[in-house]
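Colleague: Next come the chains, spelled out residue by residue.
Protein chains: 2
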Amino acid sequence: MSKAAVIPQLMAVFQQYGYEGASITRFSEATGLKRASLYHYFPNGKEEMAAAVLDYVTQTLKEQLLSPLYSDRPPIDRIRTMNQNIDIFHQHGQKDCLMALLSIGEAHDLFQGRVQQALKLWINSLASVLVDAGITPTTAHHRAEEAIAQIEGAIVLTRGLNSTAAFERILKQIPETLLRPE
Amino acid sequence: MSKAAVIPQLMAVFQQYGYEGASITRFSEATGLKRASLYHYFPNGKEEMAAAVLDYVTQTLKEQLLSPLYSDRPPIDRIRTMNQNIDIFHQHGQKDCLMALLSIGEAHDLFQGRVQQALKLWINSLASVLVDAGITPTTAHHRAEEAIAQIEGAIVLTRGLNSTAAFERILKQIPETLLRPE
DNA sequence: GTCTATATTTTGATAGAC
DNA sequence: GTCTATCAAAATATAGAC
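Residue numbers (our numbering), protein chains in the order written: chain U, 3 to 184; chain L, 3 to 184.
Keep in mind the hints are simulated off the structure, nothing from the lab.
Among the hints, erroneous ones may be present.
Any copy, or any two copies together, can satisfy a pair, since identical chains are not distinguished.
[Said to hold, decoys possible] Distance condition first, Cα-Cα at most 25 Å in a straight line; then the derived DSS-like pairs of lysine-lysine:
(1) K174 / K36
(2) K174 / K48
(3) K64 / K97
(4) K97 / K122
(5) K64 / K36
(6) K122 / K174
(7) K5 / K122
(8) K174 / K64
(9) K174 / K5
(10) K64 / K5
Could you put together the complete structure from these sequences and hints?
Modeller: Listed below in structure tokens is the structure:
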């Protein structure tokens, strides 16, 4: 098995258990590889695994979720396409956001830079669509942050209420909310 | 030291590290009590500590955060007062929400019921204020969920961006957003 | 590249003295 | 009620065979 093939499996474990709850044993079960084999790919252990997963997530964010924002379609359609991909990636809110999980506890000290960079990329990409739609840059930036907060919070609600209803409803109304008149 | 005095200190550890990252050693350091002394208060260990903390948080939620919602002041003032207390309790987004943290990983299986109950209490209390303000019950319920999602997501942004700016801005605009015309 | 075996550290938990 | 001492289990990590 190649290193590239194990990373999504490690990601799934981090998504379910968070950084401190994810153990090498759980990684071993998820990948089918023994402990020592995982250390062959990631000599620095869990920390290196999380860093690799975070890089993978950042790339997925760029290629899968944010790339529609840079198309030549109308702004509302670009945002709707992003949301459809978010809905799939997070499985209607049932799969956690790695940026949220890897900013808790000791993971916060380790990955603060990476998480902050990825979040800012998301915020700026979304804000640029609003600017294209004629919205003031400051307002655009604020609204982008608010939309991302709603998405992250909707994931929390999905976990806490054991229901995907709020997530799907919130996601659906985000495009119109973002593009409302100033 | 009484059991009641220990619980807020345990809460602080859970807020910083989450459920799996919170170890008995960290509880010992935070309280000044040795391991065995903590087991005197909580024979069932970490699980019982988290349950006690969650009960304490639920009571704080009721008494400190939600009680202003049931006053006889105008709806907008009731919500503003709740938000001021949220801002203090969560230290401008820097202190995590226990309901969010205790629904991750194996904690999710252990505390799903308690978390769901507390979240529903919050949602229903907030929605009832909107109904008082003349908003349709269904819309009120939806808006309450959206506001709580924004608050939870704003805490995630505070962690991820290492800044309280988004949290404070989002909190400030929530009362008007909740009470906007249908 | 994957494994078995093993070492080390940390964590959760208990017994029993004071 | 708090402690020291101790144990068992789990976690991280490494050595070395194939």
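Colleague: Of the hints stated earlier, which fail here?
Modeller: 1, 2, 5, 7 and 9
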